Amino acid sequence: MTEAVSAGPTLAVDHLEVTYRVRGQDRPVVRDVSFQVGRRESYGLVGESGSGKSTIALALTRYLARNGRVSGGSIRINGLDPLAMSGAKLRDLRARTVSMVYQEPGRALNPSMKAGRQIAEVFEIAGLDRDAALGHAQDMLRKVQIADIGRVMNAYPHELSGGMAQRVVIAMALAAEPSLLILDEPTTALDATVEAEILDLVAGLREEMDTTVLFISHNLAVVAKMCNRVGVLYAGELVEEGPADEVFEASRHPYTVGLLRCIPRRGQRKDHGRLDAIPGFLPQPGRTVTGCIFAERCSLAIAECREASPPAFDVGLEHTARCYRHTEAAELPRTELPTTGLLASGPADVSLGAGGSPLVEPIVTIKSLSKTFGSGETSVRALTSVNMSILRGETLGLVGESGSGKTTLARALLGLTQPDQGSVLEFDGQPLAAGLRGRPIDQLKDLQIVFQNPDSALNRRRSVRWLISQPLRRLAGLSGSRLTERLNDLVRSVRMEQRHLSLRPGQLSGGLKQRVAIARAFGGGPRLVVCDEPTSALDVSVQAAILNLLADLQAKEQVTYLFISHDLGVVRYLSDRIAVLYLGRLLELGPAELVFGGPHHPYTEALLSAVPSLDGQRSERIKLAGEIPSAANPPSGCVFHTRCPRRLPTGVCESIEPPLTEVEPGHLISCHIPIDQLRELQGNAARKS
Amino acid sequence: MTELTAAPGEAAVAHAFAAPPAQWRLLLRKPTFIIGAAVLLFWLMCAIFGHLIAPLDPLAQQLLAKNTGPSGAHLFGTDSLGRDVLSRVIVGARDILLIAPLATLLGVVCGTAIGLAMGYFGGVIDVVLGRVVEAVLALPVVIVAFLFIVAVGPSSLTLIIVVGFIFTPLIARTVRTAVLVESQLDYLSSARLLGERPGYIMFAEILPNVLPVIVVEFTVRLGYAIFAVATLSFLGFGVQQPTPDWGGDIAANYGLLGAGYWWETLFPALAIASLVMALNLVTDSIEQVISS
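As given, the protein sequences belong to chains F and G, one line each in that order. Residue numbers for the first sequence, in this note's numbering: 1 to 689. Residue numbers for the second sequence, in this note's numbering: 1 to 292.
Bear in mind the hints are in silico, worked out from the structure with no lab data behind them. The structure displayed is predicted, hence computed values, not measured ones. Positions of the beta carbon are idealized from the N, C-alpha and C atoms, including for glycine. Please note: incorrect hints may appear among the correct ones.
Unchecked claim - Sample of chain G residues with no beta-carbon within 10 Å of chain F, all distances over it, derived:
#1 Ala73
#2 Val124
#3 Tyr224
Said to hold, decoys possible - 20 Å max Cα-Cα, derived SDA-like pairs, lysine to any residue:
#4 Lys623(F) / Arg647(F)
#5 Lys623(F) / Val611(F)
#6 Lys30(G) / Gln25(F)
#7 Lys30(G) / Val22(F)
#8 Lys30(G) / Gly24(F)
#9 Lys367(F) / Glu426(F)
#10 Lys114(F) / Gly150(F)
#11 Lys89(F) / Ala126(F)
#12 Lys225(F) / Met209(F)
#13 Lys623(F) / Pro612(F)
#14 Lys30(G) / Arg23(F)
#15 Lys225(F) / Gly163(F)
What the hints assert, rightly or not - Partial list, computed: chain F residues near chain G (C-beta under 8 Å):
#16 Leu416
#17 Leu436
#18 Arg520
Could you put the whole structure together from the sequences, leaning on the hints where they help?
Below, the structure is given as structure tokens:
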């Protein structure tokens, strides 16, 4: 990289090995990991869950759990060895040299202390008196670009939004001017627009404060955006390491290649072909493997790979890969062949019907759907008169940040939540009762859901066989040999095996658990399945397989999907049409190509530009001002006006709520700005970059 | 409305090692469990085969040998009526080990049903049952027990009902809390979407998941039940003399402590203490294994 390394690296990890002692047995979870982070460098560690990335971070400052220990190798921070430090020295290291920022800002802050005092404490430890410390705390808040400093200083953590709390945590971490800042999934718990702001902030502060950053994330795009060097971890081993652009553009390890292919990119869609998935599973943490740890999932593996662990081959300037076949890694065989047209599922071109009238009749009609939680002064409006329809056989993607009402809409449709009086829900021309009790068994059968978190959606005391049989018994009315037959069919179609049937959910991996949940949803032969963030709790390599499965099942069973996700890449891959929600209101609805391609609602524009992408630089980011307003007290007029970068100067946005109007055939936008003007504005922004 | 986004952290690693079925085998590796279970087993054998084990007839009076201290003929000595204390202690295990578990079981069954209903339905049912539970808890236990026993007359069945009734609200509260945690989970929505009835959801879906809590509650309450039964017997409301009974024997002989006849009180008291302690050891181990 640069010559800045001259003064010696800030962090040097050499052949690090970390072991957890579980049930009297040593399980190595990090093996032979070596890397260096030079001064002012930003180094990214990427890996799936169980890859050992957080364990490494904890080992650096000796925060390992009681049963964990560094069993080999060395660590040097500014040339000093934290493993050999005494109590006082270690405290000093943690106080002044290394700072950490964790995933959940809410849990990193002391709930009984005002934010200002918590930051000031860092300065008091450094020897300042109380007033001076408070003054410095204010400066820090200014640095992390908090506008309303007075309020935040005197706020308790629960009074801050997630993004605001993470800023406070970052302010605390930087207050001691550490030479190394470790960020462990700092934006994973945040919404896309907030994530983008935090990432910009960190990037800016790094320049300004000359801090060295170790950035840990499962999100490849975030790491690509934030770091100049990356290390890819797999099952506790660093399989590839090098400059970020090289690792992502010219990967030389089959795992990196496979991982990148798992992500839907460059506008890839389900009718063009399935996503590549990495076959097999992550090895059990702590299992000892002879040879290459990735060999059993690698289609390039040869006999040599299974015999001896590959050394780190130099494959470029400061770019190494632990693979015997690193020269052929890029030609890793595809698991899915690209097909054109064959896989077109559902009415792929329905919504493009001439004159805006869809060629296919709707299967679900939603009219003035509202939902208010609570009553009186404390009531919160989660949905405000949403009108839309879902077409037979399509996938409708539902997009929006947390609190936008996506899940409430889905639950109201399913009958799990009672909507307000006056809301109309129709399924296949028949009215749907507000609650589940009023719905006949046929309607229960028609509408099913795949929940976000299979741990929560599957009864952990029941066997897989019981879990999948239950809908067959209840909804399909099967029993005896016909039930067994259908059960086996289902198990095969979600690509599970007979041996899984006797297991309980706790004994399955995340991906398998989600397959059980999908089998349950399809058991009764539904016509519409709600997918509520079905892959957000899963690792990237597993996500691809689940998305493929959902697309295959849709093609086979002709079901309609209501697909909820915050991951726009995933939504784009699977959806025929997109609905964008903000504060319980529908802001945009239209065919996926039009919504993504633009012109689009300014909010959609901001959402799209906030998502970090692996496909090189995209148009300049549209910055959203401020926070998502509270649904308890939504803004007047257009609900988005408080954050809208394209707000009209006439004042109309503040006073009148724009109606949802059809601006193009099948494409509806709720905005005062005329479509031609939007096209011009957004076209200009794209051209500028 | 919060959204759990991706990336389960390293916590998942530690969790992956824990396979549920192996948990119960862990119990056998705990010395506290082994000791507790051994003592418990001893008293159970006494309760079942007491008359066969006892060296002498616990009811046989020897008026010539009353109040004799521990000796070769009477290891624990004799009481004021010349009955063999050791035999009475051994046989005395029977009634308390019958009444206390049955009473606890009654309390657990009723408490679980009420707790499930409160936690699952919430709303009005929770409020109404909650008030009833609080009202029962507010009554002075001993007075309720006395009134009941005086009205119905002392018998083993009365004791079971009284102690079960006192335990019901306590167990209901614990179960309700556990059910509330489960109510947050999606598998209940999933069951509702299959058209399952509330009764089925409560007993077939939720109950297996709160069972560990109920098991712990049962063992904890069992210890208290033994105390309660022994106390009521001591006060004369339980097992009636001359049937051998620890509480009753202490009551009959404690007046003679001042005369130096300590063995007549000490050995039944030790029996109660060892049984409760054994139960607590077992309970502790089970709790540790469940929560690990």
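Cross-check of the supplied hints:
1. Ala73: Holds: least Cβ distance 51 Å, greater than 10 Å.
2. Val124: Label holds. Min Cβ-Cβ 16 Å, cutoff 10 Å.
3. Tyr224: The assertion about Tyr224(G) holds, with a minimum of 28 Å to chain F.
4. Lys623(F) / Arg647(F): Cα-Cα ~13 Å, so holds.
5. Lys623(F) / Val611(F): Given pair Lys623(F), Val611(F) holds - Cα atoms ~12 Å apart, limit 20 Å.
6. Lys30(G) / Gln25(F): holds (18 Å)
7. Lys30(G) / Val22(F): holds (16 Å)
8. Lys30(G) / Gly24(F): holds (14 Å)
9. Lys367(F) / Glu426(F): Within the cut-off at roughly 9 Å; holds.
10. Lys114(F) / Gly150(F): holds (12 Å)
11. Lys89(F) / Ala126(F): holds (14 Å)
12. Lys225(F) / Met209(F): holds (19 Å)
13. Lys623(F) / Pro612(F): holds (13 Å)
14. Lys30(G) / Arg23(F): holds (13 Å)
15. Lys225(F) / Gly163(F): holds (19 Å)
16. Leu416: Cβ of Leu416(F) sits 5 Å from chain G, so the hint holds.
17. Leu436: holds (6 Å)
18. Arg520: Result: holds, 7 Å to nearest chain G Cβ.
No hint from the list above goes unmet by this structure.
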